[in-house]
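Chemist: Generate coordinates for the entire structure from the input sequences, incorporating the hints supplied.
So the sequence lines, in the order shown, correspond to chains B and W. 17 is the number of the first residue of the first sequence in the numbering used here; add one for each residue after it. 29 is the number of the first residue of the second sequence in the numbering used here; add one for each residue after it.
What the hints contain is simulated information worked out from the structure, not anything from laboratory work. Glycine residues also receive a C-beta, built at the ideal position from the N, C-alpha and C atoms. Errors might be hidden in some of the hints.
[As the list claims (entries may be wrong)] Beyond 12 Å from chain W on every Cβ pair, some chain B residues (computed): (1) Asp167; (2) Leu180; (3) Arg210; (4) Tyr249.
[To be verified] Stretch by stretch, here's where chain W covers chain B in the computed footprint (C-beta under 8 Å, at least three residues): (5) 45-55; (6) 59-65; (7) 140-152.
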Amino acid sequence: MSADQVDYLLRLGDDALVAAQRLGEWYAGTPEMEQDVALANIALDQLGMARLLLTYAGELEGKGRDEDALAFLRDDREFRNCLLVELPNGDFAMTMAKLLFLSAYQRLLYDASIGVADERLAAMCAKARKESAYHLDNGAQWTIRLGDGTDESHRRMQAAVDELWPYTHELFASDELCQRLDEAGLAVNPATLRDGWLSTVEPVLAEATLERPADGWAPEGGRRGVHTEHLSYLLAEMQVLHRAHPGAKW
Amino acid sequence: MVGAWEAVAAVVDPEIRVVTIEELGILRDVREADGRVTVTITPTYSGCPAMDVIRADIRTALRAAGRPDADVVTVLSPAWSTDNISESGRAKLAAAGIAPPHAARRGGPVPLRLGVRCPRCGSGDTEELSRFGSTACKALWRCRACAEPFDHVKAF
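Modeler: Set out below in structure tokens:
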């Protein structure tokens with residue numbers, strides 16, 4: 017069971033880590049200074065959660081890998097994040113749609129995980145759920161502002177929602193690992209979160225005068241380590257310093 | 029000699045240097061056994077970058093108090109809330125120009141309410157500029173009466 021737990025913790029931790037790295041790319045590039053600060057803060061929250069989760073995964077695994085070894089010394093096929101977080105930032109609308117979709121999911125997941133039998137994971141989630149509420153708030157506000165804004169911002173926001181919608185299915189895809197952990201009371205089955213996610217996201221899209229895309233194509237693979245080409249480039253940038261100077265300390 | 033609790037409780041937050049870690053509610057416990065001190069702290073936000081400095085400052089304070097053998101343990105549960113900030117902590121924040129938080133336990137997904145008073149001129153005519161500010165725990169506000177921007181520790 018602990019091998020299952022390690023794999024599960026990597027899924028959650030890699031989602032947070034890769035999301036943090038992508039958000040960090042926006043620094044000094046958003047439409048206004050306040051939003052630079054907001055995205056940097058959200059990235060910091062994600063990184064904090066990633067550190068807790070990866071540290072725990074490393075300890076459970078028992079092979080002496082700490083958070084740094086897991087973050088910087090794994091290759092793309094060993095990462096377990098969903099495809100949504102690794103996709104390029106695109107324009108600002110794309111990033112806000114991604115923030116809305118991801119934070120609505122994380123908020124629900126962390127909320128539901130407060131009751132799992134894994135007390136250490138439950139404590140992390142009880143903390144992160146409060147942070148996710150602020151992330152969701154930021155993503156929802158910008159989606160509404162851009163969707164219900166000018167013709168150009170509306171067009172871009174709709175394009176972003178249409179582009180990313182297929183990738184949201186993977187967030188709720190269950191597999192045997194999820195089922196085993198769910199039965200043991202150690203994790204929440206993500207399939208149970210989609211109704212709550214839809215009732216969070218759909219009213220935001222409606223208020224933003226955006227059309228809710230039809231369900232169809234559902235790319236997946238991230239949870240098995242089968243990623244888009246974009247993850248390798250992201251990892252190359254994120255890992256280069258650590259790999260160039262192994263074991264270096266400040 | 030200063031007691032272990034007194035020494036640790038006097039450590040100030042490295043990012044908001046007007047309040048101590050005790051007043052912020054970050055300090056959970058200080059125990060002494062067999063000449064060794066165990067300090068338990070909790071982070072404000074998961075990614076709070078001040079934690080490493082706080083740990084180092086705690087060790088320094090204990091060393092100065094004649095207790096060089098110390099462990100600093102971090103716990104997450106129960107999750108820190110701005111409701112853990114003491115009355116004296118709130119007063120010191122306000123005196124330093126940082127509007128203290130409202131009660132966080134008041135329903136709603138994001139525990140924010142309007143009506144933050146300007147810590148400089150006391151006016152209630154203020155507006156939120158951004159829900160994210162100079163540190164993870166703060167939001168950026170502006171006073172319409174005296175035109176000064178100010179930080180607000182957001183309810184959490």
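Chemist: All hints are to be evaluated individually against the structure, with a verdict given for each.
Modeler: Each hint tested on the structure:
{"no.": "1", "hint": "Asp167", "verdict": "27 Å, holds"}
{"no.": "2", "hint": "Leu180", "verdict": "22 Å, holds"}
{"no.": "3", "hint": "Arg210", "verdict": "18 Å, holds"}
{"no.": "4", "hint": "Tyr249", "verdict": "24 Å, holds"}
{"no.": "5", "hint": "45-55", "verdict": "holds (count 4)"}
{"no.": "6", "hint": "59-65", "verdict": "holds (count 6)"}
{"no.": "7", "hint": "140-152", "verdict": "holds (count 9)"}
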